[in-house]
Structure formats: C-alpha cells, structure tokens
Amino acid sequence: MKIIAAMSGGVDSAVAAARAVEAGHEVIGVHLALSSNPQKYRSGARGCCTIEDSHDARRAADVIGIPFYIWDMADEFHEGVVENFMSEYKAGRTPNPCLRCNEKIKFAAVLDRAKAMGFDGVVTGHYARTRETDAGRTLHRAVDPLKDQSYVLAVLNREQINGAIFPLGDTEKVDIRKEAEARGLAVAQKPDSHDICFVPSGDNAGWLRDRMGSEVGPIVDQDGNKLGEHKGAYTYTIGQRKGLGLTVPTADGSPRFVLKIEPISNTVVVGAREDLAVTSMRGERPIFCGPEVGAAPLRGFVQVRAHGAALDCTYYMDNDQLVAELDQPLLGLATGQAMVIYDGDRVVGSATICETA
Amino acid sequence: MSVYLDHAATTPMFDVAIDAMNSALRKLGNPSSLHTEGRSTRKDVEDAREKIAQAVGCLASEVIFTGSGTEADNAAIKGLFWHSDKKVILVSSIEHHAVLDPAQWLAEHEGAELIQIPVNTDGVIDLDFVKKTVAERGSELALISVMHSNNETGVIQPIADIVKIAGDIPVHCDAVQSFTKVPLSFKDLGLFAMTISGHKVGGPLGIGALILRRAVEIPALLHGGGQERDIRSGTLNAPSIVAFASAVEAKLYDAKKIAALRDSFEAGVLAARPDAVINGKSAPRLPGISNITFPGTQSDSLLLLMDSEKVSCSTGAACTAGVHRPSHVLMAMGLTDVVSQSSLRFSFGTTNTEADVAYALSVLPTVIERGLAANAVGKK
Chain A
46 MKIIAAMSGG
56 VDSAVAAARA
66 VEAGHEVIGV
76 HLALSSNPQK
86 YRSGARGCCT
96 IEDSHDARRA
106 ADVIGIPFYI
116 WDMADEFHEG
126 VVENFMSEYK
136 AGRTPNPCLR
146 CNEKIKFAAV
156 LDRAKAMGFD
166 GVVTGHYART
176 RETDAGRTLH
186 RAVDPLKDQS
196 YVLAVLNREQ
206 INGAIFPLGD
216 TEKVDIRKEA
226 EARGLAVAQK
236 PDSHDICFVP
246 SGDNAGWLRD
256 RMGSEVGPIV
266 DQDGNKLGEH
276 KGAYTYTIGQ
286 RKGLGLTVPT
296 ADGSPRFVLK
306 IEPISNTVVV
316 GAREDLAVTS
326 MRGERPIFCG
336 PEVGAAPLRG
346 FVQVRAHGAA
356 LDCTYYMDND
366 QLVAELDQPL
376 LGLATGQAMV
386 IYDGDRVVGS
396 ATICETA
Chain B
1484 MSVYLDHAAT
1494 TPMFDVAIDA
1504 MNSALRKLGN
1514 PSSLHTEGRS
1524 TRKDVEDARE
1534 KIAQAVGCLA
1544 SEVIFTGSGT
1554 EADNAAIKGL
1564 FWHSDKKVIL
1574 VSSIEHHAVL
1584 DPAQWLAEHE
1594 GAELIQIPVN
1604 TDGVIDLDFV
1614 KKTVAERGSE
1624 LALISVMHSN
1634 NETGVIQPIA
1644 DIVKIAGDIP
1654 VHCDAVQSFT
1664 KVPLSFKDLG
1674 LFAMTISGHK
1684 VGGPLGIGAL
1694 ILRRAVEIPA
1704 LLHGGGQERD
1714 IRSGTLNAPS
1724 IVAFASAVEA
1734 KLYDAKKIAA
1744 LRDSFEAGVL
1754 AARPDAVING
1764 KSAPRLPGIS
1774 NITFPGTQSD
1784 SLLLLMDSEK
1794 VSCSTGAACT
1804 AGVHRPSHVL
1814 MAMGLTDVVS
1824 QSSLRFSFGT
1834 TNTEADVAYA
1844 LSVLPTVIER
1854 GLAANAVGKK
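Chains A and B supply the protein sequences, listed in that same order. Going by my numbering, the first sequence opens with residue 46, and the numbers climb by one from there. Going by my numbering, the second sequence opens with residue 1484, and the numbers climb by one from there.
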C-alpha cells in the first residue's frame, strides 16, 4: 500500500514508519506543523510541535530512507482542537484535546488529504492494535497496558480505522526504544511527551486564564451558601480539592471537593467527597469503532480517562445517547470527558459525557 | 526516469569545476602564507579572481570572496548602511530573504527606516516609486538594493534605470540568479555593490562574492585576518574559489537552449491546464525559471506528488520549519495568499533535455488532479 507516516519527531512514530517500510508499504513521512508560531526547542517532555521536533522527524525519515515533508495543519489544529478546548472549558466541561486531534486532524484532515492524493492510509506510532474480523476491522488495546492508547483512538469511526495502521500495538515501549536504537534512530532515548502539546508550560489553568481572562465568581455549597471566590470557573475540575481557598470550614472539618461548574452563573459548587459519586453516565455524539450498539443492554467496561481503570458496566443506546451504568460508583467525573466502552480488549466506541448521575 | 527542475535552488557542478576543485584540494598552501606553497595557492586564487572579475565586468580588486551569496548580501546591506550617516534603506519588496532580512534587522536594531519598492502584476519594480522616493527622501537614503532578477519568477529588473535615478546613492544588486545566465556588467550598470554565488552557476556550494566598488571601505561582518580587503576575514577557500572561476570561465550555460526548454514546458502546461497562470510572463525573464499558478491547488501537495513521480521542483521559498508560507514575491505581485500558495517554480539548467520536459508534462495532469482533490477535502 501507499501510506503516509505521521511523524511527530518522537521515537514511536519513527519506529512505526520504519516497520511500515519493512512490511512492504510505500511510505512517505509527514510531519504536521500544528502551531503557526512554533517554539524553537522542546522543553522537557512537553510540546510536540517545535522546530526541533520537526528536525528530529526529518532526520528519522532520512535514516529510514523515506521521503519527508511538512504539512501545515496549524489552522485546522487551531480551529478543530485549540478553540474547541477553550469553548469546552468555557461551557464548564473538561475536554480531552488528544482525542479531538485524532478525530479532527490525524485521522480526518490528514487521512482525507492522503486519500485524495492517492494514498491508501495513515500509519502512526499509537499503541493500539487492529484485527480483521468477520464484522470488519476492529480496534483493540495494545499489549503494553502502560502505553495503551486505544482510549484516545476511540473517536475513530470504522472508515477511519480502515485507513489507519498501528504497527506498535504488539510491542512494549521499552522494546520500541531498543528497536529504535538498533535501527540507528537518534530519537531512541527522546523523552515521551506528556500533557497537552499546545500548553508547553503544563499549566492548563494559567494557559486558560491568559486567553479567557479570570472573571471572579462565587464558590458555593450545594445549598447555595457562598463559601469563597474563584478566579475563573473554567480553571477548576470536578473532584478538585486543592487550591479552593475557602474561608468557611465544614462543621466536621472534612475536606470539600468541586462538584459542579456552572458556566452561565460563573459558579463553582463544592461539597463532600461522597457527593462526587457517579453511578451512571450519558454520552452524546457516539462513535462506534466496530459493530454499532443498540438499545439492548450489554456487559462490558467503561473507561473515562486516558490511563484510567476499566470499570465494569452495562451499556446501551438510549435514542442518540450512549449510556453506561456502573457496577461500582466512581468519584469525580466531569462532563466533556470521553466515555470509552470496551468489550474485553476491543474498543466498542466512545461518546462525550454530557450527563452524570 | 527522474527529472531535476530546481536549478534555481542549486544546479549540478560542471565537470571542469569538479576537476579544478579536485586538483586544488590536493594542493597544500594557505594563500596568505609567504612561502612557496602559500604563494602558489595565492596565484591560483588571484587567477580565479581575475577570471570572475572579467565575467562580472569589474576590477579584480573589486571581488571580495565570501562563504555564500547570503553572506555577500549581508555584508553589502549592513556594510553600506553602517558606512553611511543616513538612515533610510530602499529595497524592492521582492528581494530574497538574504537582502530583506538584514534590512529588516537594521530597522529593528540599528534605527534604520526601511522602505520597500512595490512591483506591478508582472513582478517588475515600480520605477516611478523609486523616482518619487529619491526625489523626496534622497538626502536620507543610505542605500538602494534591488535584485537583478527574481529567484521565484525569474523576472528581470531595470537595474540600469535605478542606478540612473539613484545618482550618488549607493546601489547594491543581488545578481545571484542572473550571473552567467543573462548579459550583466557591474561596470556598465554603474553599480556600487553586487552579489554573486558559486553554486548557481556550476560551481561549488559555500562560495560567493561581494563585488564592491574599488576604494569603498565598508565595516566588516567578520573580523580577523583581514584577508579580503579587511572587509571579509577568514582563510580563503582556495579550492572553491578556483572551481567557481572554472565554472564561470567555461561559459557552458546555453541560454537559448534553456529558454527553448522552458517555453516548450510552459506551452505544454497551458495545453494540459488552460487555467494555469505563468507568473511574470509578459516581463523580461531569465531563460530558466518558470513560476506557475495552478488554481485550486496547494503547492506543498503538488510538490509531494511531483516528487513521488520523480520530478523535482520547488514551492518557491521555504521557511525555517519547512512549513510552506505564501510567497512574499507573488503577494507583492498582487496574488492573494491562497493563490500564491497554489504556485510552483520549475527551473531549468544545462543538464535538462526535451525528454525531461516531455516526462514532466506526462506526469503533470494526474498530479494536478490529485492536488485539486487534496485541496478540496481541506476546504470541507
């Protein structure tokens, strides 16, 4: 096949591209320039769109022996991911921009462009596996549980999964580094990237404050009694305990947690730990990576964070919403997060949480 | 088959230049040394200087060797500015970054005022603007810099007219693309300073020259041994200088043949894609450069697709991160940023043949179709 290898400049995508070449594909390396004003250097483990990273990607492509180009996707990334990140926070939800990037950029803008140009698909360094089944290609967890990235890929529909190749899902990260070393790839020991690539400081709250201002508002208890003030509701997350700066203590001295963020009234609601408990969730915009789910309840697992636990649940569709009912309550779940349903290690699909109870 | 149509970026070294360089590399002696070996290398360098001077139409003492065309441009722009007690720099809006960026740097760091000369839709600078600026601000002008021909479009600029208008104001001309391709004489043009480069004319990379009028002392960028008139220090790169001169002396550039290849390519492109636009077509142009807009495409996609088909061309100008930006040259000619990002530069050189043109034309229709499709999904 003729495929595009999305190369971030990191070790994973470099090895993925090399493996795709070895598998006999005709591979062209592409680095996505996602920032219109890229920083020159990486700072630690953060950022993935610096000029230094694009040099690393180019060097890896040269060593592998494939053509290499840079695609400017800065506008698409800004519109599809960064602006969405801000508007979600503004609406009191907690988005995951990595999922959004996979859905809107890597396996949409890039895959669509690649297909139009005569390529068959996109290979990336994500840790996940696909299998060919009677029901078509399905998406599965990687063998390395610490690196498994099936959660952030659960926004891909069947067509996108059919155009994707994940060559690393069968290998542990430590072995990928060894393989990179053996292949003479200079990025073999490059640190993994963490956090959000467009927030190089790692300080999400500060980043949001810089762009959206910090409108002071009340922090209240569940009865509406004012306990303190916040500096911008969107910088808080559900379940947060630290940094609330409350002046009125609870009667028994027990800590308070953020229960709810109300964007319109700019209010943060706090309460006791047990009030964080959630036993069911509803998600909108469901996407199924394999066979679609119907109204009939099924048993499986739901995961609500990139490296969170897989929680036993019953799931089903209720009109156009995906519902998961948990066997055990979960503490602290924000709307805007993705709920990803698994059947064993198979990714069933995902939805954006819009309601919890 | 693979076809190289990016000779304006760099062109193959001529065999005579490679041979000259090989012998020079085997030769011992720092041209600044006083002993036998040094004198022998010095003779080679000075022979080369005279050959280049002859081709440029200047005195041998007016040739200052540099490490690149960019260095020569920087030395000229900064040197002439620092040399003057005036603060205004007048440059064309379509200069290479090697001229634009030092001029901008002087504006940001050294109190210069930068005025850019607009161009018409064919990419030729507006002489009336130059006249008006010289009339109104002449007493404040430290220097004028206009390129002999543009690296993206090949459009030739009216340098003689500019020099006439400028009067006593020093005029620098970046002649990197024009040198050896079209008739060009430093003396006849009446220039103050001019830039040429080795690897654009069949010589090696890493050698250029600033042609600077005799007895003009401008401040140096590189200080040290003072080898080149105290304006450029650094051990003379004798093998590259010798090879540069051999390439120039060989006079292998067949302008007529290359112009014919370009014309036949352009005719083929227009036959296949009647909506294609050849930028600067009605202006005088270099023989070897063709800049073509393919409406509805994105040039970086086209370049990738052409490259996959083994045809090497260019999007015009690349920036640091390799991200394609709209060309300031095409924008100055009045193209929108979208249209200027739909353009490719094909540049022809001595190694090209009719078969190359035929091959490039044979792959073009599919490339454009796919480029259009790729751009259409981007707009979704």
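If you are wondering where the hints come from, they were derived from the structure by calculation, not from laboratory data. Heads up, a few of these hints could be off.
Have a look at the derived ranges for each label pair, beta carbon to beta carbon [stated by the list, open to error]:
no.: 1; chain 1: A; residue 1: N129; chain 2: B; residue 2: V1860; range: 18 to 24 Å
no.: 2; chain 1: B; residue 1: V1860; chain 2: A; residue 2: E71; range: 18 to 24 Å
no.: 3; chain 1: B; residue 1: E1852; chain 2: A; residue 2: E71; range: 45 to 51 Å
no.: 4; chain 1: A; residue 1: A227; chain 2: B; residue 2: T1849; range: 45 to 51 Å
Given the structure is predicted, the values throughout are model-derived calculations rather than measurements. Beta carbons are placed, not taken as given, at the ideal position from N, Cα and C, and that holds for glycine.
Hint by hint, here is what the structure shows:
Evaluation of the 18 to 24 Å hint for A/N129 and B/V1860 yields a pass: the beta carbon distance comes to about 20 Å. One distance hint, 18 to 24 Å for the beta-carbon pair B/V1860 and A/E71, holds here, with the actual separation near 21 Å. Between B/E1852 and A/E71 the C-beta distance comes to about 19 Å, which lies outside the given range of 45 to 51 Å. Remark: the range hint 45 to 51 Å for A/A227 to B/T1849 is contradicted by a beta-carbon distance near 39 Å.
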